[in-house]
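*Asks:* Chain by chain, the residues:
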Amino acid sequence: MTMATDTADSPLTTPANEGGEVAAPPPRPHWLRRLLRDKAAAAAILLLALICLGAVLAPWLAPYDPALNSRAVMKPPSFMQGGVPEHLLGTDGQGRDILSRLLYGSRLTLLIGLVAVGLGGAVGSFIGLLSAFYARLDPWVMRGIDILLSFPAILLGLALVAVMGQGIVPVIIALAVSSVPDCARIARGIAMGVMKQEFIEAGRAVGLSDVTLFQRYLLRNCISSIMIFLSLRFGQIILIGATLSFLGLGAQPPAAELGMMASQGREYLLFAPHIAVIPSVLIFLIVLTANVAGDALRDVLDPRLQT
Amino acid sequence: MLKTVLDRLALSVPVLLGVLLFGFLLLQLVPGDPAQVMAGPTATPDVVEAIRRDMGLDRPLLVQFWAYLERVAHGDFGRSMISNKAVTEELGAAIGPTVELMLASLLWSVPVGIAMGTLAAMTRGSWIDRGIMAISVAGVSLPIFFVSLLLIQYLGVVLRWFPFIGRPGPWYTAEGFMALFLPALSLGLILIGPVARMTRSSVLEVLSLDHVRTARAKGLSETRVTLAHGLRNALIPVVTLIGLQAGYLLGGAVVTETIFSWPGIGRLAVGAILSSDFTVAQGAVLLFALGFITINLIVDILYSLLDPRVRK
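Residue numbers (this note's numbering), protein chains in the order written: chain X, 1 to 307; chain R, 1 to 312.
Pulled out of the complex, with its shape left as it was, chain X reads as follows:
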């Protein structure tokens, strides 16, 4: 029999053919195909991939040393009036090539985001899964999460920078820690659903150890949903990280970081707005494409996560 069980109880809507057999529904296209069918999502993924590629290949692509000062100060992009052909996107207040700084800057900005999301996601999901796995832990974990949630990311950043001094490391830690409660909550929610499934009970019944049960039955069934949540989180993390650097709390000169570049451009806003505008636009594009791609990924792979 090829009859699908879920169509059996709605005979009115499913066309039955001669033999009483029900036509099988057309197979669902592969998720990647469904993802790319959404034009906005496809464009976002392409653009994000290009930006990431530029960031990875920065040392080979950058026409200049990102910290190299030149005499051509505050030159606008070469396609604008007053621009020079040597500097495609112009130069900043110290005569540094903006394109080169942009490539290196997006490298640092993306790296901060990735490390923070990875760390926070790993710790948070582990806590969330544990809390769903061991019900006794749950109330304690939830209270702890409430406490952490009372510290919004930027405040946590401020607090950690106050203690550790300005720099990339406290910013990464702050971003990671601030993603922990959200990830833990989401992971707990997903895991609670999985824990109710019969195969968990079956695993227990055949005497699997907690470690095996946790790793093979729980983790593997939650991981994809968690990854989708993290991809949605990525954009926000990048945004907050860049903001902390903009405030002077994160990356420090002479490093190039997009938020810091925007902040340095503030002084020249009147005469050379491109110095602040170009890095800000790139941050916007990274966050926008990450958000659009994350949304599309969620819609295709795991619509349950929709909030």
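Source of the hints: derived by calculation from the structure; they are not laboratory data. Since this is a predicted model, take the numbers as computed values, not measurements. All C-beta atoms, glycine included, are put in the ideal place defined by N, C-alpha and C. Hints may contain errors.
[Unchecked claim] So these bits of chain R aren't anywhere near chain X, every CB distance computed over 10 Å:
{"id": "1", "residue": "D7"}
{"id": "2", "residue": "S126"}
{"id": "3", "residue": "R213"}
{"id": "4", "residue": "T214"}
[Said to hold, decoys possible] Partial list, computed: chain R residues near chain X (C-beta under 10 Å):
{"id": "5", "residue": "G18"}
{"id": "6", "residue": "G23"}
{"id": "7", "residue": "A73"}
{"id": "8", "residue": "L149"}
{"id": "9", "residue": "T258"}
{"id": "10", "residue": "I273"}
{"id": "11", "residue": "D277"}
{"id": "12", "residue": "A289"}
Based on these hints, arrange chain R on the given structure of chain X.
*Replies:* Just chain R, lined up with the frame of chain X:
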């Protein structure tokens, strides 16, 4: 009703203690010796020692934490390490401007967001809907400092419509009102996207319920159905969302206050950190956390007022 409120209040006690413990540990982790910082670089060792004893820094941590709780309960957050003013005094001067800025941003952005979300839900699938959703995704992706810089550049510098440095007075004075405009505009933009999105999906959900079908069957106009039967019930999750977004709002306030030289808690915190004034920094961070807890408390209570099903 009273019981709900009390239960909710009791729940925030451990959270509050945790936050205070965090604030206390923060001060412990500060590099360098606070007594040394307080005494200044030229102080003799016995002066430093006296200050240490005076501040109770030689006692065990648990005792110090208890003493810290007692001080906080009396509203004593210590003194600024730089200006030597009481931290409460510095915070007290800054709290008004921050509350003013946040209320002003909520006041324009929440109605606009709700209107956008409702319009999107009513025109579901049309280009209006897609346009509004695109704007809201773009809105959550825009760095707030970028928005602020653009507003300063065009509305402040080029068009000279609004001042963009500092706060000459409270909002009810003419200058104060004008000065509030740009910071509130840029801070409010953070909320538009999330509020519009949440309103849209919430309205759509409510519109598929039975009582809405009854309203339609009664022959009410679609607008009436959406506004009177849909939106009213759809607003409940939006209220919760504002509580969840309070963190972003507070964080955004730090940025806007810094860029617009707005004399609030956020600017105070950033300034204190950049000048290593740990007591003020700690006080400001704690105050922010307290604000966050309070907002969520109010939101939860509002929620049970709006939705009788939660009360029980």
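*Asks:* Against chain X, run the beta carbon of R/G23 and see if the smallest gap drops under 10 Å.
*Replies:* 8 Å, holds
*Asks:* Checking hints one by one. Is R/G18 an interface residue toward chain X, by the C-beta closer than 10 Å rule?
*Replies:* At 3 Å from the nearest chain X Cβ, R/G18 passes the 10 Å test, so the hint holds.
*Asks:* Are all C-beta atoms of chain X more than 10 Å from that of R/S126?
*Replies:* 16 Å, holds
*Asks:* Is the shortest C-beta separation between R/A73 and chain X less than 10 Å?
*Replies:* Interface hint status for R/A73: violated (18 Å vs cutoff 10 Å).
*Asks:* Report holds or violated for the interface hint on R/D277, using the least CB-CB distance to chain X and a cut-off of 10 Å.
*Replies:* 9 Å, holds
*Asks:* Hold the hint about R/A289 up to the distance rule: shortest CB distance to chain X must be less than 10 Å.
*Replies:* Holds: closest Cβ of chain X sits about 5 Å from R/A289, inside 10 Å.
*Asks:* Take the shortest C-beta to C-beta distance between R/T258 and chain X; is it under 10 Å?
*Replies:* Holds - the Cβ of R/T258 comes within 10 Å of chain X, reaching about 6 Å at its closest.
*Asks:* Going by Cβ atoms only, is R/L149 closer than 10 Å to chain X?
*Replies:* OK, holds: R/L149 within 10 Å of chain X, min 6 Å.
*Asks:* Over 10 Å to the closest beta carbon of chain X is the bar; see if R/T214 clears it.
*Replies:* 26 Å, holds
*Asks:* Under 10 Å, Cβ to Cβ, is where R/I273 needs to be relative to chain X, so tell me if that hint holds or is violated.
*Replies:* 5 Å, holds
*Asks:* Does the claim that R/D7 lies off the interface hold, with its Cβ farther than 10 Å from every Cβ of chain X?
*Replies:* 14 Å, holds
*Asks:* Are all beta-carbon distances from R/R213 to chain X longer than 10 Å?
*Replies:* Per Cβ check, R/R213 is outside 10 Å of chain X; nearest 21 Å; holds.
In terms of the numbered hints stated before, the structure departs from hint 7 and from no other.
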